[in-house]
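Need the complex rebuilt from these two chains, each delivered in its own frame; the hints are there to steer you.
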Amino acid sequence: MYKGAQIITEPIGKEGDLMVLNWGVQHPASGPMRIKVWLDGETIVKVENDPGYVTRNMEKMLEYRTWENAVVNVERICFIDDLGTILNWALAIEKLAEVEVPKNVEYFRVILAEVGRIVSHLIGVGGMFGALGVATPMMWVLSLREFYLDFLEHYSGYRISTAAIVPGGVRFEPTKEDMELLKKAIKETEKRWPEYKEVFKDNPTLVERYKGVGIIPKELVYKLGLRGPVARASGVAYDYRKTYPYSSYEDFNFNVVVKEEGDAYARFLVVLEEIEESVKIIKQAMEGMPEGDKWKVRVPKKIKAGETFSAVEWARGGIEYFVVSDGGTEPYRVKISAPSFMNIWALEYIAPGHKLADLATIFASLYICHGDLDR
Amino acid sequence: MGFENFVKLMKSYFGVEAEEYPQNHTAKTYLFKIKPEYIREVAKLLKENGFDFFHTLAPVDYSPKGRGLELNYFFENVEERIWILIKTEIPLDNPEIDSLHDIYPSLEACEREEWEKFGIFFKGHPRLKPLLLDDTLQGRWVLRKSYIPEPHRK
Chain Z
-16 MYKGAQIITE
-6 PIGKEGDLMV
4 LNWGVQHPAS
14 GPMRIKVWLD
24 GETIVKVEND
34 PGYVTRNMEK
44 MLEYRTWENA
54 VVNVERICFI
64 DDLGTILNWA
74 LAIEKLAEVE
84 VPKNVEYFRV
94 ILAEVGRIVS
104 HLIGVGGMFG
114 ALGVATPMMW
124 VLSLREFYLD
134 FLEHYSGYRI
144 STAAIVPGGV
154 RFEPTKEDME
164 LLKKAIKETE
174 KRWPEYKEVF
184 KDNPTLVERY
194 KGVGIIPKEL
204 VYKLGLRGPV
214 ARASGVAYDY
224 RKTYPYSSYE
234 DFNFNVVVKE
244 EGDAYARFLV
254 VLEEIEESVK
264 IIKQAMEGMP
274 EGDKWKVRVP
284 KKIKAGETFS
294 AVEWARGGIE
304 YFVVSDGGTE
314 PYRVKISAPS
324 FMNIWALEYI
334 APGHKLADLA
344 TIFASLYICH
354 GDLDR
Chain G
34 MGFENFVKLM
44 KSYFGVEAEE
54 YPQNHTAKTY
64 LFKIKPEYIR
74 EVAKLLKENG
84 FDFFHTLAPV
94 DYSPKGRGLE
104 LNYFFENVEE
114 RIWILIKTEI
124 PLDNPEIDSL
134 HDIYPSLEAC
144 EREEWEKFGI
154 FFKGHPRLKP
164 LLLDDTLQGR
174 WVLRKSYIPE
184 PHRK
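For the protein sequence lines, the chains are Z and G, in the order given. Under our numbering, the first residue of the first sequence is numbered -16, with each subsequent residue one higher. Under our numbering, the first residue of the second sequence is numbered 34, with each subsequent residue one higher.
This list has only true hints and no planted wrong ones.
Calculated lysine-lysine pairs in the DSS-like style (CA-CA distance at most 27 Å, straight line):
#1 K178(G) to K284(Z)
#2 K61(G) to K86(Z)
#3 K78(Z) to K178(G)
#4 K80(G) to K206(Z)
#5 K29(Z) to K201(Z)
#6 K156(G) to K19(Z)
#7 K284(Z) to K43(Z)
#8 K162(G) to K43(Z)
Calculated from the structure, these hints are not laboratory results.
Looking at chain G on its own, in the form it has when it is part of the complex (with noise of 0.2 Å):
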């Protein structure tokens, strides 16, 4: 139900379609590839249809492949049992996407571990601030791949 119904409205309001994503083979998943500036709509349709579980916030950077930093969201709906998978891409030099921490409670901690590995910027989270990282290693965004440790190593 829930899920039918997002399906329907994803392609009424962003016109974008589902696809299958049998990557994930632990459940039945379908991906969407969206713009990063419709990150909190689609949040909120989201949430709205019954996807209340967040999973998690996988950011890979395909700098080196000539692309940008690609966001992957997991969210699910525990009662159908499907889950949907939210890709969107941002430019490097400027990591700049909406939080939802306020949808999402579950995701601000997962965010704040974001920002300090990547240097995503999300606009409006409450406490982007040092979470796990040493002192020496902030704002070096270490996840990235112009971050090489050899010459870090002590």
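If we strip away everything but chain Z, and leave its shape as in the complex, we get (with noise of 0.2 Å):
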């Protein structure tokens, strides 16, 4: 081993007058994961992450994609908003390549980033729910899943991991059956909508777990560079679409939820109302599509010597790529910054003091995802 690797043999069981205990990897609520927990009774002392069961090195495998191939790589650092992910990566490797997209691509592909965003959250609320042991809501959202997935499927062929979004363009010309199918989408949502939020945004047993639960005070977000959701929560209106506007983000009219609390309770209120915030989005980007028969730009296969930065809104935050190429045909290196492993470091700071039977809903409200979480 290198100096300065300690490798410490961890006990669980009994630490003086303290319980050590193993939450997660098989915890309903966990996911792979495992957190250590120490307790006094059934309150918490002190937690410890301890990620890493599905690491895949992804940095190191893009070393050895082409440009384009990278895409299947890239967006399954979370399958759940795969988009998202292609976006930024296809962003990257346009500016180093110095190629521009037409309007109506950069329109098509807000949809589909927001498309992602809406099938993310729609999960992250279920999933909230799920740590409570409450299933019915999980069914619901996934129920409204299914209209969106519907217009991925019909457009790329794929529900999930869709590789929609390619450096140059999109995968296809989205043809007039594909936008029926999201007109159908946001139809069913704004139907349904009105009776999910009555029931998700006042459940009693929601508010009582969540209320109050894991606050997290303004200075925190800065001192350990949270994103997304979570630093929004807490009173920090930082959202790169609205910031620093990528791909026409612009020209569209939207609001950035900020609540002010902090809580657990208001971080499922961000996830929930920027779901109404991408509707809105999609539904002005399909009104004022421009015109144009080009969708895919030629990019070339050897890109020139040079390093670029991109970054964008995901669903769970601003994810951040760092790409280098030396001339070749393949990144000579990716630096993936993902939102997950910046906010996971939260919950050592905000679990102490908590119940046990917390821990859950306070993991669950830092909205994780442990594909990028690991990556």
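Following this line, the structure appears as structure tokens:
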């Protein structure tokens, strides 16, 4: 081992007066991740994250893929919203190759990215209920999600992991039937949403368990570099779509959902209300879609040497790529900076002092995806 | 304000000029190339001048090109919407640099990840212990160019 390495054999069981518990990997709410919890009775004293159960070492894999092939890897950072991660990849490559895409492509990419966000946020809302053991809302959101997946399936051939965006454009020209399916999904959302919102928002089970729990103060957002809905629920109005617009986001009229409370319930509300904003953006993009029949621009197979940094607002927060090219057909180095990897460390700060039962709700409200936590 | 002050101080303390960095197409970014031994002082200056949001740490192994490990630190001044990229280079045979975990706590996990994957030893880091990788990959520094994954495939 290299100097400085300390491999500690970690005792589980009792440590002095404290009980040491493995929360996860098998816990229903944890996902593939272990959280080591030190307990005094029922109260959490200390928490330590142990991720790494689904590591694929994506950054190394990308060095062995061509620029366009890499789309297939990049979208698997997190399959639930795959479109945001590919969009960022496409933007980075286009910048490196100095290629510009037509306006209609940019608009259609916005539609795809927002569909990805809705699909992801619906699961997120369902998952936050799921952490309480309440299964019905999950079924509701999954049934609504199907309409969006139908659109993705008809457009790209796949429901998830669509590879719909490629460097230089989008995979196919959207047909009339694709747009009809998307309109149907939007119509269905608007029809169901009042009822969903009524049941979800003031749900007594949820409010009791989420309100006032796991408060992240504004300072902690800066201290730990937290991103996405977690930052916005603590009063930091940071959203790449508004702060640093890309792919024509400046053309659309939408609000950045910001809450001041910073508790788990605020994070739930941010995710819930962002779905409405995404629906708004999709409607505007469909109406204002510019004329154009070119859906893919040629990107050279070899990209000249250089480096670039690119970031987009993905469902779970800002995802950032640092891409280096040495003039070859494949990337020299890709650094993926993922929001869940930053957000998870808030748990070590906010969980102590809560009861063990609250750990599930705090963890679910951080809106973690293990795919992008481990990469 | 904070940015102008920072540029002035960087020039007087370290004699480094700000360079434009158009490769970041997200935001307006300025690049400073510094020596690795100054990293802590520079980080303190950044923090004092309003660059309180750390984005990412991206090391690049340039050893096949005859250079060392290049470290890229991205910081942002959220109020002024200006980004700073700090570039520094350390030799591959002695990859050591001071840890910034106490100045920017968000760097703690990032440094731990880069230690695990690149073998960069961050001096003063409180928990340089395995984070993401499997036990069989510990100490192999998987993101270095000298690591070829083929022979290790199962």
